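Given the coordinates of chain A, work out where chain B should sit on it, guided by the hints.
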Amino acid sequence: METKSSSILENLNSQEYKYGFTTELETDSFPKGLSEEVINRISRIKNEPEFMLEFRLKAYKAFLKMTEPEWALLNYPKIDLQDVIYYSAPKKKIGKNSLEEVDPEILKTYEKLGIPIGEQKRLEGIAVDAIFDSVSVANTHKKALAEIGIIFCSISEAIQEHPELIKKYIGSVVPHTDNYFTALNSAVFSDGTFIYIPPNTKCPLELSTNFRINTKGSGQFERTLIICDDNSYVSYLEGCTAPAFDENQLHAAVVELVTLDNSEIKYSTVQNWYAGDENGKGGIYNFVTKRGKCAGKNSKISWTQVETGSAITWKYPSCILLGDNSIGEFYSVALTNNMQQADTGTKMIHIGKNTKSTIISKGISAGKSSNTYRGLVKMGERAKGARNYTQCDSMLIGSHCRASTVPYIEVEGDSNRVEHEASTSKISEEQLFYLQQRGISLESAIALIISGFCKDVFKELPGEFAAEANQLMSLKLENSVG
Amino acid sequence: MPNLAERNKNEIEFIEQIFRASSSMLSEIPNIRSRQETAIKRVTELGFPQKSSEDWKYYDSQPILENFFTLDICEINKLDKEIIRKHRFPECSENLLVTVNGHFSKELSSTSLTNKNISIIDFNDPDQLKKHPTEEEIINQHFAHKINQEDSFFKACNTALMSNGFLLSVPDDTEIEETIQILHFSNESCFNQTRSLIHLGKNAKLKIIVSYIGLANSHFVNNAVVELILSEGAHFKLDKIQDDTQQGILLYDLYARLMKNSNFEYNSLDLKANHSRDNIKVDLLEPGANAGLAGFYILNKDRKAHNVIKVNHLVPNCTSNQLYKGIISDSARAEFNGEINVSEGANGTNATQLNKNLLLSNTAHIDSRPQLKILADDVKCSHGSTVGELDEDEIFYLLSRGIKKDDALAMLTLSFCEEIIQKVTIDSAKQHIRNLTLENLDTTIHTANTVHKLK
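Protein sequences, first through last, are from chains A and B.
In this text, residue positions in the first sequence follow the working numbering: the first is 2, and each later residue adds one.
In this text, residue positions in the second sequence follow the working numbering: the first is 386, and each later residue adds one.
Hints are computed from structural coordinates only; laboratory data are not their basis.
It should be emphasised that the depicted structure is a prediction, and the values quoted were computed from it without experimental measurement.
Pairs of lysine-lysine residues, derived as BS3-like cross-links and limited to a Cα-Cα distance of at most 25 Å, are as follows:
| id | chain 1 | residue 1 | chain 2 | residue 2 |
| --- | --- | --- | --- | --- |
| 1 | B | Lys765 | A | Lys427 |
| 2 | A | Lys79 | B | Lys436 |
| 3 | A | Lys456 | B | Lys765 |
If we strip away everything but chain A, and leave its shape as in the complex, we get (with noise of 0.2 Å):
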């Protein structure tokens, strides 16, 4: 069996990526390059008030300043930022109001992504933001939630159309001067998501952004701001593919979380970029800064993310637990294969009193690939009470991959408590022998076995998506395991 096994890794090989595909459509693209005249032209473009091109040019300034950070775990060319297509959006018209006004090209696409932003689709009770290349194309449930008084729509509206509420929160949590990708972001954004959950209000619907880059060369730059206003509730799931071109893509993200007295956001991630070939040719570069503030006494955020794309990750979602009697949760899978790296994991900054954090990571690396998990835990001296669990498992298939396990954890205080576990494994031959001889394939067997070692993370994940991100797994490792 220990032969049948190796030979299996050795035949190592990767599903085809199934979302690889690109839709032909014109569209309106900057040429490539970063200055700042780019950023007054997507600034006009987008018609922006005054107060949102000088936050934009504040942080290129900021970004001139800055360079790339290099301590994580990855290896890569450097970046050329002046080779990126900065915006780009579909040619047609973009009438939101009806979906007979959205490209049927563009529909076509979703309809294939499976997403879905058609009629037929409405009772599924999610309402979906679709972003394609740097602009929201569709968005339903609209009016629905507005009746609720709750705001669903792309960034881009919410400047428009709420100024007050983007002007006191953007750049709240995740200042443009926080890192180089965030100073780069705050610059050049172009769309993405914002909800704004009033107070007394638990959100009836999942409510979900799908990001689709489509254009050869082009950067996704999006940004999305959640705020959970008082006593409030709301769960939220994004999604990600892109077409598979042999040369990288960069997108680099921001997302702002706030809640409130007594609210919780859910924020799930479903990732599959493109990942490259696997010689490791092509791929998204994933340099995303997500955070989230507890600002409100007894709020919640929980992130789970399933990360299976992208060349590069590099994200950390983050809480800052402000209140008091605040919790943060970060439930994580990352998965690798081929040549993708990964370093991902988490920070939890303990502020509040009496302030909860739980951090559940399972990385799986296959192929050649390098998967890290880097996460700070700190607590200052006033954080009294505070608490913290940290599990991280890693799992390595084959002998040519690498599992890193990079914990941080500050601790001022004698009230404060952190408990932080991790262990490596392989998959045990013992597990794969039981599971064989009740005859069980060999292949299923690891992907059952993959499967629990993910479960704490997947019940996480709200309804149906469960089962997706399963699916999504045994496809990644399809031919490399199971």
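Same frame as chain A, now just chain B:
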């Protein structure tokens, strides 16, 4: 915070001083001299450690830059014999090695040692080397190993500035029953370079207990470097007691290379000193090698302890474990930065890592970073880290049995460290460590009386 420009100025000045001082420290022995010259080059290439580097992230090198700028390389190696008597453990009275301010002192060391098949050689003494060709070969092979790739700034400084040091070598198949004690004294306000090379032949066995003892009442830096080679089947146990004064800074650099089936046990006890930084690197070079690293730090006032550990599993079937425990009170600060690196192909690796901390005050601070970097699939690696206060249930249990609260706290705190203290070889050393621990606890659990009763 001093401004950056001033800091940089000090750093450049620091390196320039080393550069100037090193020219007069060059050895007469060509093989050592050439490595010292390379070391000076490395010092300038590496530059003063910066916070931006992951390994120095939590280390504040300002005290070294500011207070210890005189950089006198101390020539004095005089010491009252009475002091030695006070510090040596009765079990080791005949097996004693002494250095003073980084200088190996033959006069103060016990002479009976060499009768036991051990060679102890001042490796900067050309006459001695001529008489001992085997030892000379060991020095040529192992002193300042791969200095041209050296990545530790302070180790490179030591190599450049050291004026003497000793080689302690145990021949093949020799088992030394007695524990050898090494006393490193610092009694002047200087930047001391303490250097030793320890070599164990095939199947040799040796136990050493080392104390770093500060006597100076003014500031000093002891920059100590130990290089260690364990040949096939060798067993070596090293206990290090850090017993410096409040003015002392100890920079301790240990590099161990382990061959087939060799076994290395290291216990670090960090009990005094203003601040200390252990930089431990263990290379497991041949299958079957095992390294067990343990440490205990008790910190009060504004003291600091940094433990930076790298265990490199380079070949299959090696084992290693790290267990570090600490008690931190007042506004003290500790860092545990342990790393397990498993190279590609190093299957059958079994490595564990555990760091446990007790924080006893609201301003006590711990930075714990247990890291795993793994490139092989058939491995068992785990790590853990806990930070917390004493368990309330345990306190309650003792209180419910009529034990006073202060006593209960002292008992629980002591039992927390006992796991490491038990690993130390010599009984009188264990007692000495317990005493120092209690002294430290005195200020923490404000119960001088009960603590004394416990003594």
